[in-house]
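S.K.: Fit chain Z to the known structure of chain U by using the hints.
Chain by chain, the residues:
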Amino acid sequence: GLHSREDFQRIPELAINPLGDRIINAFFPEGEDQVNFRGFMRTLAHFRPIEDNEKSKDQNGPEPLNSRSNKLHFAFRLYDLDKDDKISRDELLQVLRMMVGVNISDEQLGSIADRTIQEADQDGDSAISFAEFVKVLEKVDVEQKMSIRFLH
Amino acid sequence: MEVVWAAGQVGAVWVAVVLGLIVLPSALGISLGISEAYMWVLVKTLEWATTRLQKGGKKPQPQTLQTATANGIIERDETPMEQEIARLHRADFEFSHIFYFCRKGFEAIVEDEVTQRFSSEELLSWNLLTRTNVNFHYISLRLTIVWGIGVIVRYCFLLPLRFTLAAIGITSMIAGTTLVGQLPNSSVKNYLSEVVHLTCSRILVRALSGTIHYHNKENRPQKGGICVANHTSPIDAIILTNDGCYAMVGQVHGGLMGVIQRATVKACPHVWFERSEIKDRHLVTKRLREHVADKSKLPILIFPEGTCINNTSVMMFKKGSFEIGGTIYPVAIKYDPQFGDAFWNSSKYNIVSYLLRIMTSWAIVCNVWYLPPMVRKEDEDAVQFANRVRSAIARQGGLTELPWDGGLKRAKVKDTFKEEQQKNYSKMLVRNGSIG
Chain U
1 GLHSREDFQR IPELAINPLG DRIINAFFPE GEDQVNFRGF MRTLAHFRPI
51 EDNEKSKDQN GPEPLNSRSN KLHFAFRLYD LDKDDKISRD ELLQVLRMMV
101 GVNISDEQLG SIADRTIQEA DQDGDSAISF AEFVKVLEKV DVEQKMSIRF
151 LH
Chain Z
1 MEVVWAAGQV GAVWVAVVLG LIVLPSALGI SLGISEAYMW VLVKTLEWAT
51 TRLQKGGKKP QPQTLQTATA NGIIERDETP MEQEIARLHR ADFEFSHIFY
101 FCRKGFEAIV EDEVTQRFSS EELLSWNLLT RTNVNFHYIS LRLTIVWGIG
151 VIVRYCFLLP LRFTLAAIGI TSMIAGTTLV GQLPNSSVKN YLSEVVHLTC
201 SRILVRALSG TIHYHNKENR PQKGGICVAN HTSPIDAIIL TNDGCYAMVG
251 QVHGGLMGVI QRATVKACPH VWFERSEIKD RHLVTKRLRE HVADKSKLPI
301 LIFPEGTCIN NTSVMMFKKG SFEIGGTIYP VAIKYDPQFG DAFWNSSKYN
351 IVSYLLRIMT SWAIVCNVWY LPPMVRKEDE DAVQFANRVR SAIARQGGLT
401 ELPWDGGLKR AKVKDTFKEE QQKNYSKMLV RNGSIG
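As given, the protein sequences belong to chains U and Z, one line each in that order. Sequential numbering from 1 applies to the first sequence in full-length UniProt numbering. Sequential numbering from 1 applies to the second sequence in full-length UniProt numbering.
Chain U extracted, bound-state conformation (with noise of 0.2 Å):
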């Protein structure tokens, strides 16, 4: 068993959400157009609530993709459209407009765009590193907002 791009996009509330496509994205390793079941998992699995009783677990082990720093890279990678591991002024601006669609104008996008990195950005460089990402969202409940729960 395979899926491909096409088969997502056949989810109609997929297919009507405006970041459907950069999801879907998320799915597919590079170059790739088929994911398996186990690559599916993988990426499902930044989805699982982060359990309390996992914090006494071996600190030595690989962090599990559930983590809160992975839910975080996880976004960023939404975000980061050339995967170079900095959100450019230009990948902020693709992404927001996938967001709005044609209701907003090129200018009042690029001041929005702008005032975000200014407000995030702390080395000057006009990117946001995954440092300054993380650094910008420390209030933010990240468990809450990025798990789906399984009814037992």
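Simulated from the structure, these hints should not be mistaken for laboratory data. Because the structure is a prediction, the values reported are computed rather than measured. Any given hint could be a false lead.
[Said to hold, decoys possible] Using 25 Å as the maximum straight-line C-alpha spacing, the simulated SDA-like pairs for lysine to any residue come out as follows:
1) Z:K279 with Z:V249
2) Z:K409 with U:S4
3) Z:K427 with U:Q118
4) U:K145 with U:Y79
5) U:K139 with U:R115
6) Z:K427 with U:S4
7) Z:K414 with U:N103
8) Z:K412 with U:V102
9) Z:K409 with Z:S391
10) Z:K414 with U:S105
[Said to hold, decoys possible] Here are the computed distance ranges between Cβ atoms for each label pair:
11) Z:V352 with U:F150: 38 to 48 Å
12) U:G39 with Z:Y349: 26 to 36 Å
13) U:Q34 with Z:E111: 18 to 28 Å
In this text, a Cβ means the ideal position worked out from N, Cα and C, and glycines have one as well.
M.R.: Leaving out everything else, chain Z in the frame of chain U:
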């Protein structure tokens, strides 16, 4: 030589039994109680099988199974976009806005409301048919033996019986309607045509081992009205005509279906459209209007969803049927999936394999509710009226309502919906934020 003669004798006895026990009573509209006895045995067997499964599998209590299928498999956060995003301290754009879209997207991937309606409903407990054996594994020898007996009964006894009945039903429908069609138009002709249609419907329902419960018969559709119902399979039409006569609406097909259509239209004013005419919406509406305006004509039967849905929900009603005017008689049809799955998944099975599956199920059990008639109000347009009718049908049948179009089974969703989401989001940014 003797073998042929013996086979002939068996065949004759068989036909005589079928005619005497099934065809004759259905012509007279009485029941001998054979199907009731069969259903009673079936229910007892399935209850026994369920208890065996629960004991053997050491699964959690059945109550938890009940709630799981009612709410879906994930907990969905239904806070609307405005509340979630504008709730943050500053209402300008923030990186965290993406979380809302991201989570909605993933919830849709894990379990969405629409694509699950285009495949058969999952059962709470196995009903001893191989085709529904998805999650259940070997439990005990006794259960397997009962299952084996079930297979033999269904394929070697019920299937030939049902096939014979169906053949008799269809041939008598064609023959009967052709004969009645020769008569000049008169009340006698109408009466005879009703008799023929009803008898053949009853035979066909028995061919499927159908047990149908009709509720609120006082709301049965009257002449000059339009009957709308939710659509699950081609059998819906037979189920409804079992209790009354309707004028069917549909496309002209070739083959056996076409023969039936041509024969029946002589006896009774069904409305069959050529393929080219269907595309012309005004032509279709005009013909239907003419039919409805004539108060002596039978009520029209229409399925506004346009395609088969799996009987757990009611999807968008196409507004064309509601623009014709006249009184609408809504009907809700709900099948019991325990005895046989009536849903036709046309992308997975063609009509012949679908009919075979139906004929090798235990039975078709369904409830039909006739709802009180509805008329379009002064300030309602066709779409609002369609939604009102749809809510009534969904409420009665215990089905969920979905605003999605059944055509999504085959087609992609329109971009206008995405644009609407984008517009909502930008309205929030412009209204709350300090831009420019």
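S.K.: Just pull the numbers of the violated hints for me, sorted ascending.
M.R.: Of the numbered hints, just 6 does not hold.
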